[in-house]
Amino acid sequence: MIPPNRRLGWVGTTLRGRNGPVAACPYLVRKWRQRTFNNQVWSYVAGQHIQWSVRIAIIDTSSSRAAIIAEGLREAGLTDLVQIDPHAPILAQLDRAQPEVVLVNLENPSRDVLEDYFAMSRALARPIAMFVDQTDTEATAAAVDAGVSAYIVDGLTSSRIKPVLDLAVRRFQAFARLQDELHEARTALADRTAVDKAKAILMQRRGLSEPDSYALLRTHAMSTNRRIAEVAEAVITSEALMGEMP
Amino acid sequence: MSSFRIGFLPLVDAALPILAHEQGFAPAEGIAIQPVRDMTWATVLDRLLYGHTDAAHLIAPLAIGTTLGRGRPATPLAVPFVLGLNGNAVTFSTALAAACGLDGGIADPARLGQALREVALARAAAGQRLRFGVVHRYSSHNYMLRYWLAAVGIEPDADVELVVTSPPFAADALAAGDVDGICVGEPWNSISVDRGVGRIALVTAQIWRRGVEKVLALRKDQLDERGAEVGALIRALHAAAAHFVDPDAAKENAAILARPEYCDAPVETIMRAITDRIRLSRDAAPIHYPDFMFQYREAANFPWRSQAAWLYSQMTRWDRTPFSAAEAEIAQAVFRPDVYREALAGSAATLPSSSSKLEGAVTDALGVGTAQGRLILGRDTFFDRRPFDPDDIPGYLAGLT
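Protein chains in written order, with the numbering used here: chain A, 1 to 246; chain B, 247 to 647.
If you're looking for bench data, these hints aren't it; they were derived computationally from the structure. Values in this document were obtained by computation on a predicted structure and should not be read as measured data. Backbone N, C-alpha and C define an ideal beta-carbon position, used for all residues, glycine too. The reader is advised that the hints may include incorrect statements.
[As the list claims (entries may be wrong)] Distance ranges between label pairs, derived from CB positions:
no., chain 1, residue 1, chain 2, residue 2, range
1, A, Pro-89, B, Gly-350, 31 to 39 Å
2, A, Pro-89, B, Val-614, 48 to 56 Å
3, B, Ala-474, A, Leu-178, 43 to 51 Å
4, B, Leu-604, A, Arg-177, 56 to 64 Å
5, B, Ser-593, A, Ala-92, 36 to 44 Å
6, B, Gly-315, A, Leu-178, 48 to 56 Å
7, B, Ala-361, A, Thr-61, 58 to 66 Å
8, B, Ser-593, A, Ala-176, 40 to 48 Å
9, A, His-220, B, Ala-495, 33 to 41 Å
[Said to hold, decoys possible] Chain A is nowhere near these chain B residues, computed Cβ spacing over 10 Å in every case:
no., residue
10, Asp-284
11, Thr-286
12, Ala-288
13, Asp-292
14, Arg-293
15, Tyr-296
16, Gly-297
17, Arg-316
18, Gly-317
19, Pro-319
20, Arg-375
21, Pro-414
22, Arg-563
23, Ala-611
24, Thr-627
25, Gly-645
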């Protein structure tokens, strides 16, 4: 049985039928009517199957990261999502959305404002800061390490929060990996361009063949313990500065 | 060498951990400090609670609120050191300053309050309440501003609107017209003035002459585990405080604090704050306001339990929660004069024998007992001259409403 003080969070929760939202839950549905199917909790109410849906709001300074998180949650069947536009008034959007879980990037500059809004909220189910001990300690710590912070309405049981959190964490990490890869790809491209330029300079200046120019760059890099791209940059710089000299 | 990662916001009053790190006071005590900069108090607090940092430069009421479980599940924090007194100001938009008839000099809080009341009530009657930004719900800024407003007859939650503006965004909020005034720490008031978007109306030292400001906060379990190392940290911060008030060091200190990794602000702006020279409006010459930012002297870094008690009294007042003797005790126990004394025992530091005092009751210099003799406390009054007795919070609150 859900403890009495947790019931309020359930009443008013959006209920979804197979064809979309049914109604706001008017009363507490007894737990024995609930069935878990496909990771989703279903209940049989008033002659139809309805789904308990957790409405999740995502607030992120990076809209591409927000999109990646939303995609992951959707794939996991958590489809009641609201992506908050960071460039429009955030509080008005939250007011309309009335989410039960708010995911926000740890370093979001609006966090003090958000916390104040939650504290002032007159809504029945008021989101409070998620915390170690409140859910799974490891899950919470992992979330913060990944850079996710969450506010969750009192009344949502930890078993329902944890999957959301785990997913958000994986998506945050995936995003960080993507960023790293993108950075590497960009660096690699820049490196190759520099090396090509330096080779051309050496070929013209010293009359070397292309393989010999490259070999010269490589030998110099090895003997001075630098990357080939760094040596290439030095060649380009010196050419730019001394290009006019015979 | 044991190390402390210390969270902070870009504010001049984060000076002590920064100077302890930069000027060698930490290594002299056998510890290393690693400053961790953030942009909101929520992030600073999260990092502290989840162990990304070991200690934090924190607004004092937030340490108490976190321990009491306001807005989140309770986690006990401990405050063994106060990072300074006051150093904040209330800055009006230039339009509001003009409407309140602010001229060249420093304003009188009571008289300015009357002028503001007229403007505020007129605006409220027109359905456009004045809006003030404070740095956090649980900040001394919020409590000082509310104390002043209420005392001059402006009901903070009815006649005006108070919103949250994190320090690094306060000047922007004023410039954008999102708020009509801000109560924030330095350099953000002076930056508003230099940008020509604000006029410093009051400094918080005018509201409470010796108001407790930022504190060093740790998780209580960390303090219990790392007692000896925390002692070294307190000694390093105390040495940094002595260095901070040395006039010969001011220029160098300002240059350090101005760096991009700390306050990221002009050296000259920071210099004004740390030398108590306040430029009230863009075209005015800085004026000297003694004790604007109070540090080191008069055992300013000593965590008085009575300071925590005053903050708790304001927390119940503005959260509109009933006074609870049990909560008051928990709130006061967040401040740890015992840890401060133990860390600095045998040093030249002034160690008050008592852990609590009447706040705002010193109208003339007063001598109090310390381990080494007498400590002379300067005037510490509230602008309305109402003293605070930590042993009678209900009586104090009854007198305020």
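Does the beta carbon distance between Ala-361 (chain B) and Thr-61 (chain A) stay inside 58 to 66 Å, or does it fall outside?
Distance hint for Ala-361 (chain B), Thr-61 (chain A) is violated at roughly 40 Å.
Beyond 10 Å on every Cβ pair: is that true for Gly-317 (chain B) relative to chain A?
Not fine: 5 Å to the nearest Cβ puts Gly-317 (chain B) too close to chain A.
Taking C-beta pairs only, is Asp-284 (chain B) more than 10 Å away from all of chain A?
Check fails; 7 Å does not lie beyond 10 Å.
Nearest-CB test (10 Å) between chain A and Ala-288 (chain B):
About 4 Å separates Ala-288 (chain B) from the closest Cβ of chain A, which leaves it inside 10 Å; violated.
Are Ser-593 (chain B) and Ala-92 (chain A) spaced within 36 to 44 Å by their CB atoms?
The hint (36 to 44 Å, Cβ to Cβ) is violated, given that Ser-593 (chain B) and Ala-92 (chain A) are roughly 54 Å apart.
Does Thr-627 (chain B) clear chain A by more than 10 Å, comparing its Cβ with all Cβ atoms of that chain?
holds (30 Å)
Chain A versus Arg-375 (chain B) - minimum CB to CB distance exceeding 10 Å, so not interface
Holds, because the least Cβ-Cβ distance between Arg-375 (chain B) and chain A comes to about 15 Å, which exceeds 10 Å.
At the C-beta level, are Gly-315 (chain B) and Leu-178 (chain A) separated by a distance inside 48 to 56 Å?
violated (38 Å)
According to the definition I'm using, a residue is off the interface if its beta carbon is farther than 10 Å from all beta carbons of the partner; does Gly-645 (chain B) meet that for chain A?
Given that every Cβ of chain A is farther than 10 Å from that of Gly-645 (chain B), nearest at about 27 Å, it holds.
Against chain A, does Arg-293 (chain B) hold up as non-interface, every C-beta pair farther apart than 10 Å?
The claim is violated: Arg-293 (chain B) sits with its nearest Cβ about 8 Å from chain A, within 10 Å.
Please verify that the nearest CB of chain A lies beyond 10 Å from Pro-414 (chain B)'s CB.
violated (8 Å)
Examine each Cβ of chain A, and state whether all of them lie more than 10 Å from the Cβ of Gly-297 (chain B).
Violated, since 8 Å does not exceed 10 Å.
Of the numbered hints listed earlier, those contradicted by the structure are 5, 6, 7, 9, 10, 11, 12, 13, 14, 15, 16, 17, 18, 19, 21.
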